[in-house]
Amino acid sequence: MLDFIIILPLLVVGAGAIALMLLASMENLSEGSTALVSIGIFAFAFAVQLMVSVSGNVAPYETAFSGMLTASTFTKVAGLIILACGLFSCMIAQTYFTQNKFSSPEFYSLMMFAASGMLLLTMAAELITLFISLEIMSLAIYVLVGYDRSRIKRSEAVLKYLMLGAFAGAFFTMGAALIYGGAGSTRFALISKYLATNSFLESPVLVAGTLLVIVAFLFKVAAFPFHAWVVDVYDGAPLPVTGFMATGVKTAIFAVFANFIVLDNGMKGVWVDYLFYVAVFTMFAGNLIAIGQNNLKRMLAASGIVHSGYLIIALVAVGTENFTGGVIIFYLAAYAAATLGVFTALAYLGGTDERRDSFDDFKGLAKVRPYTAAAITIFMLSMAGIPPTAGFMGKFYIITDAIRADQMLLAVLGIVSSILSMWYYLRLVIMMYFKEPEESFEVSGVSLAPVGTMILAVSVFAIGFYPVFL
Amino acid sequence: MSALDILLVILRIAFGAFVPLSFVAVLVWMERRGAGYFQDRSGPNRCNVLGFRAGGLIQNIADAVKLIFKEDIVPGHIKHKLYFILAPTLVFITAILSFAMVPFADTLVLNGKEYIMQAIPADLGILWFLAVVGFGVYGIILAGWSSHNKYGVLGGLRAAAQVISYEIPMGLALVSLLTIYSTVNLSEMARFQGQLLFGFIPMWGVFLQPLGVIIFIVAAFAETNRTPFDLAEGESEIVAGFHVEYSSMKFALFFMGEYVAMFVSSALIVTLYFGSYQIPWFSTETLVNHSKPVVFLLMLAMPVAAYFFNIWMKKNNRSQYERPNDPRVFEAQVYAAVIWSIVIFIEIIFLGFLIFSSGAGGARILVALLQIACFLFKTFLMCFVYIWVRWTLPRFRYDQLQRLGWQRLLPLALLNIFITSAVVVSLA
Amino acid sequence: MIANYLSLSVILFCFGLLGVISRRNVFTVFMSIELMLNAANLAFVALSRLHENMDGHVLALMVMAVAAAEAALALAVVILLHKHKGNLDTNVFSLLRG
Amino acid sequence: MFENTLSIMIFLPIVAGLALMVLPVGREAARAAGLVVAVLVVILGLKVFINFTGAGGLEFVEKTSWFAYVGVNYSLGVDGISLLVLLAGACLFPMVYLLLKTKSKGFYANLLLTQGAMIGAIAAADMVLFYIFWEVMLLPIFFMIGLFGGPNRLPATLKITLYTIAGSLLMLAAIVYVGVSYHAQAGVWSFDIAELSKLSLTGPAATAAFIFFMVAFAIKIPLFPFHTWLPDAYTEAPTAATFVLSAIMAKIGVYGVIRFVLPIFAEDFTRYALILCYSGVIGMMYCGIAAIGQKDFKRMLAFSSASHMGIIAVGVFCMNLQALTGTLYQIVAHATSTGVLFLLLGIIEERMETRTISDLGGIAYKAPIFAVFFAVAMLASVGLPGTSGFIGEFLIILGAVKFNMMVGVLAGTTLIIGVCYMLWMFQRVFFEKSNTRTEGFKDLSAIETLTILPIVVLIIVMGIYPQPFLARITPAAAEHLAAVSTVQQQLADTTVPVMEQTTQKN
Amino acid sequence: MSAELVLSSVIFFGLAVIIPVIMLLTAVFGPRSGGVAKNDAYESGIKHVVGMADQKFSVKFYLLAILFLIFDIEAVFMYPWAVSLRELGMFGFLEMVVFILLLLTGLIYILKKGVLNWR
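As given, the protein sequences belong to chains R, G, W, C and S, one line each in that order. Mapping of the first sequence onto our numbering: position 231 corresponds to residue 272, and the numbering continues sequentially without gaps. Mapping of the second sequence onto our numbering: position 174 corresponds to residue 844, and the numbering continues sequentially without gaps. Mapping of the third sequence onto our numbering: position 45 corresponds to residue 476, and the numbering continues sequentially without gaps. Mapping of the fourth sequence onto our numbering: position 342 corresponds to residue 335, and the numbering continues sequentially without gaps. Mapping of the fifth sequence onto our numbering: position 36 corresponds to residue 835, and the numbering continues sequentially without gaps.
Simulated from the structure, these hints should not be mistaken for lab results. Here the structure is a predicted model, which is why all the values come from computation and not from measurement. Cβ coordinates follow ideal geometry from the N, Cα and C atoms, glycine included. Treat the hints with caution; some may be incorrect.
[Said to hold, decoys possible] Below are the DMTMM-like pairs computed for lysine to aspartate or glutamate, each with C-alpha atoms no more than 20 Å apart in a straight line: (1) Lys911(S) / Glu477(R); (2) Lys911(S) / Glu858(G); (3) Lys98(C) / Glu68(R).
[Unchecked claim] Listed next, with one range per pair, are the computed distances between beta-carbon atoms: (4) Val54(C) / Phe45(R): 33 to 41 Å; (5) Ala801(G) / Leu824(S): 49 to 57 Å; (6) Lys514(W) / Ile871(G): 33 to 41 Å; (7) Met671(G) / Leu439(W): 27 to 35 Å; (8) Leu155(C) / Ala503(R): 52 to 60 Å; (9) Arg397(R) / Gln178(C): 24 to 32 Å; (10) Lys514(W) / Phe805(G): 43 to 51 Å; (11) Ile442(W) / Gln178(C): 39 to 47 Å; (12) His747(G) / Asn484(W): 54 to 62 Å; (13) Phe805(G) / Ser453(W): 24 to 32 Å; (14) Leu439(W) / Trp1058(G): 45 to 53 Å; (15) Asp44(R) / Asn484(W): 17 to 25 Å; (16) Ile1089(G) / Gly517(W): 48 to 56 Å; (17) Arg397(R) / Ala801(G): 50 to 58 Å.
[Claimed, not checked] Some chain R residues near chain W, calculated using beta-carbon distances under 10 Å: (18) Val184; (19) Arg190; (20) Phe482.
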């Protein structure tokens, strides 16, 4: 029964998704109330997740469901982040659909399905579970990306995402097969046990398998050689989905990535050297792409690549003994808050059919809507890592970890990339503050997103000041 | 491998491959006779060889000859000739192959070695059937598509949609069956059905799965594209469906493929639900141990049966109107002579068996033959059901067809699984 | 014996990989991905036999399910795109350029 | 009340600034609020100054655990080194509110934020906390220049922002490195400055960290060759921002060097001190010479300020008691004198809407008080005896000579350049014939006079009677240098043979 | 794999393939007579073909294909479960109840959405 308590939030979200889906089919649920219901479900699941007591900082071997799932503070907080992301994404969606008319209750249902996949993913301690949750999440997200069928841009985005996602899925499957072949089990605990007695490098099957699995993960988080899709897909996806993808998916994948990479010291030792380069190239590639962008969503996507780079630094630096993942989770929380913040703001500023989407469209926002501009500035600063925001603390922890793991160079390169990223974050601030307004940024309809924006703006500081996760 | 092994392999394969083929003739004949019977028509009554019509069987030969000597047209507008030719071949091959795992007698033990009486002695069982039948859809779609004809495409699509729609209830009906049998191996299923329920009812699938058998049979009808589910060819709407552009032997392959499929699915229904080759209340061991009384009884029963058959034939095999020197009466007399000589021949063999039989080998072969006969008889009856239904029920409309599949059979099948598994778990 | 299975699996996987990379038609790409998944399935089942436990079988089943779901989605997307473009060459889809 | 003085000094302006941003307040009300807060901070600052015992070590300590994971504390404190800097940061701000009146609400809000962050940076006793305030300090400046600056403000804003953020992010790496090194040595996490100061780091990584620190501070000071942002930023920034930048922000850079680099990287510091000295001297010369040619008044003052920052930097790099004491002293002296100069310039700009030197003239006749104040500040800036600037610069040059004759001589000489252009400028602006523009220039009002007067008095008092100030800073400076001198000693022992070898080779 | 199995498989497959191929040989030996009408698509005697064969057809077929794919795979999940139900016992039963309920939910959704309403 204890096992079920661990997945209680998952059950809440999943049941909510199914219930919503059924209600949607009955056609007696209005658009607005669906959003509220889904927000409520996410909030409830969040509360449940908060109350679920998980014992301390747990090594990834403490397992539930006879080794299928793992539960630790790390997974718990990752779950919290995901649920919060879902909540705010629903807020975004609610506002977004006052200006874009293609929604239906299933949208929220799919959102919850994706969230349940993500929750499961954070806890996955076994290749089968991992694969299934990965696909639950991905499939729901694919549909969400292409939800607006009337616009070809969306369809192309979903095609691209689906193609590459399935490709990554194939990599993962093959990797899982090879790991299974090498270690004789799909359970992390048993694989780890196997590796404790057998040398990792002596088993070519295992090496190849872990390589493929890692490649799949890198695909999903848009790390260096596999980063090209992310800009297009984020651009093509509807705003709430982009927000959810950028934050929730990243959180989930990094959670499981961390759980996976700490399986064994020898294995980590082999891959860390390569992850080093991946991290560096990811950061710089992301920066180069971001600097060239004129479209805000594309810029955010590219900056997402950069943040993946930082998170990989954190991965490089995690210790297999006494793994807590605090640094990763903190950075993810900070990143999620800031990114979702920008997206909530965009939800009501974007206008019909996401009309305003480039830097130039936000000229003089500060004069017309000072609070929103201030909030966006806060988010930008957080992403850039300027104190006293959460983004800074996240970066600080990552650098601390990296240096502690004798990766001084990586830390410095991370900082250099941070300096580069300043360029495009400040560009928006400059547009908003230092240019004259050309339009009045009128927003129609009652919407939740401004509230969400403000909450997130506050939470950017709150996360920074009260690092309860660590 | 000993010579016996090779011999048995060849025999089994011959059975597996040619019984379905020869059943095509039987079925076509039966279809015609059935149509005549059910709809009060004459049936095939003209074709004859030297006045012998063999109850209409000669019509089949005429058909075959006609098809073989017809012009084989590949219309000019067809772009992919390979696919066009491949399609009927595929339909036929899958139909034949799907019979490979169906057992037609209990495991034959000769010289201490077990011979599984299937064409291919593997234990894939029902999975093989599902896989191969699923593959058959490709043939139909390919035919429709490569015909490059609106009717063809539509027919192919309909056929595909129908087949895949009914594959689900079929599969789910099987699931509940599998919970009972705990195996996918058809031989084991057949053996299971040799038991007795409460000591007096044969433990056939039909008694254990009354709901499942209905679902399965309905689905099997749809799978074989038989009326009332023959929308793929629905000649009133889409002329002939997927095979509208086919002629000659290519058409014949579709035709034969359909009948082979019908035979195989009948065989499968029998295997799954009607006790397979099991002769009710007589298990294989019982028969083997008491082979001599059994043979004796058979020897008694055969002339009796031949006698009554002859009376029936004499009554029916004559012209409908008064005719001097009715050639049909002469025909019937010849048939009676043939039947009696066959009976005598078999009686002699049985006598020989009674006198010279020493080991269990002969008894086992005899039992196997009996079981094969039983199996074929059951299958024959099942095929008759097919024909019965065909000439009784009108064709469904397409929406009715889909509604039946998805809204009735599928939930029913799920319910069936639920009930069955609940019972199985509570009994275990 | 297991080496043969594995080699076949890896070869199939590589074929799939090549297909994804080199082919233009969307369907071919998705079929190549399916091929990759099936290569993995082969490896799973073979290795399951090797290790004498069922994990591999289970994963293979799951992979099938997921492949089906993905194929379903892919079909939907392809129809959608075909509606928009009337063509299935990946080069045609160029509204978004990274 | 006492235990929280520093916190109040930090957060009173910050909270007030944020409140101003959010609340719908008028311009004048905002200015008044800003003034009240600034005065309150001055009072608190004076209290700190008076109650400071000078017993060595931190006083007014506040400490609360913050990020336990890496041992970051919210800890504040003042010691001899930071005291005067703090005083400058606390006391100079009311002038801005009193003298510059034409700004909007947001401007005052930003100014308040800047002040809070600056005091925070000075008072921080924890390295990470210092860094946070150090970064936060920049943001209001960014907005001040970007929103209220001159016509070419955008490039200037970007330049200063990217420069400083680049520097400070590198410093972050260095800070973390120091913290990690401490962890490695002590086994526990701490970013406490007092604790970290006990470290003495060597090796290539340490050198890298040292360089990062130095780059960050050199950009802030600004030290040659990291000064290129300065002329634009100073010129384009609104006067108040220029004032903040030159009077206080730059000093925090120097303060940072003394505070962090000196003790922790004693070895590297000693090794590169000479180079850094020359960098300071070259900066002095370069900026001094550049100042001569400027037509823009503000630009000229900017270069002048940068030039004098050079000598302050030299004072740090000389690593002896005189120089260090002089530096600390000069921090205040320069802050006051430059602050006054920029503010007076701001008044000229506000009233005559020009900054071109050739457009001005004869102000002294029209506005004698203004001219006198300007003169005093200017003289203090160039280091005339009797003003605060003299004491500081004298001590620094004394120390520099002791450290390296060449540096001393160059530094001394460069000061003379300063005298040249300053006096020349003064002559052109204040004496020559007045023109239509300067015709209507009114002298300072009573309030304005009263505002500047204390500072001018302070300049003179510090010039004549430096004892109370020196008494408070000297012990701290001495204590601070102790670490360096031992290292210096060791280094001297080891380097001599090396030098011998090289000479032999030659 | 026993030799017997291999042998029977090979022969049976061979037969299954050869029989239809032999039958197709009649195409080679059969009569041949060309003709314009024979080369046209058969349209029940309508002269000019109404619409093309490769025109788009109802999306319902695709939907059906997708639904089949999903439901069939779900059915595939049940086979191993069904075979080993006796060993799994109560736990296995409950798991499958959940599974079937989910499947039913999906089915209800599909039906309610009118995916299978053929008109």
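Hint check results:
At most 20 Å may separate the alpha-carbon atoms for a hinted pair to count; Lys911(S) and Glu477(R) exceed this at roughly 53 Å. Between Lys911(S) and Glu858(G) the alpha-carbon distance is near 41 Å, which puts this suggested pair outside the 20 Å criterion. The hinted pair formed by Lys98(C) and Glu68(R) fails the criterion: a straight-line CA distance of about 53 Å is larger than 20 Å. Checked against the hint of 33 to 41 Å, the C-beta distance between Val54(C) and Phe45(R) comes to roughly 51 Å, which is inconsistent with it.
Restraint check, Ala801(G) to Leu824(S): a C-beta distance of roughly 29 Å breaks the suggested window 49 to 57 Å. In this structure, Lys514(W) and Ile871(G) break the distance hint of 33 to 41 Å, their C-beta atoms being roughly 58 Å apart. A beta carbon spacing of about 28 Å between Met671(G) and Leu439(W) agrees with the range 27 to 35 Å that was offered as a hint. Between Leu155(C) and Ala503(R), the C-beta spacing of about 29 Å breaks the proposed range 52 to 60 Å.
At about 54 Å, the beta-carbon gap between Arg397(R) and Gln178(C) misses the expected band of 24 to 32 Å. Range check, Lys514(W) to Phe805(G): about 30 Å between beta-carbon atoms, so the 43 to 51 Å window is missed. Restraint check, Ile442(W) to Gln178(C): a C-beta distance of roughly 55 Å breaks the suggested window 39 to 47 Å. For the pair His747(G) and Asn484(W), the supplied restraint of 54 to 62 Å holds, since their beta-carbon distance comes to about 56 Å.
Between Phe805(G) and Ser453(W), the C-beta spacing of about 28 Å keeps the proposed range 24 to 32 Å intact. Distance hint check: the CB atoms of Leu439(W) and Trp1058(G) are about 49 Å apart, consistent with the given range 45 to 53 Å. Checked against the hint of 17 to 25 Å, the C-beta distance between Asp44(R) and Asn484(W) comes to roughly 22 Å, which is consistent with it. Between Ile1089(G) and Gly517(W) the CB atoms are about 50 Å apart, so this pair conforms to the stated range of 48 to 56 Å.
Range check, Arg397(R) to Ala801(G): Cβ separation about 55 Å, and the 50 to 58 Å hint holds. A least Cβ separation of about 7 Å between Val184(R) and chain W falls short of the 10 Å threshold, and the interface hint therefore holds. For Arg190(R), the interface hint holds, since its Cβ comes within 10 Å of a Cβ in chain W; the closest pair sits about 6 Å apart. Taking 10 Å as the C-beta contact cut-off toward chain W, the hint placing Phe482(R) at the interface is violated, the least distance being around 27 Å.
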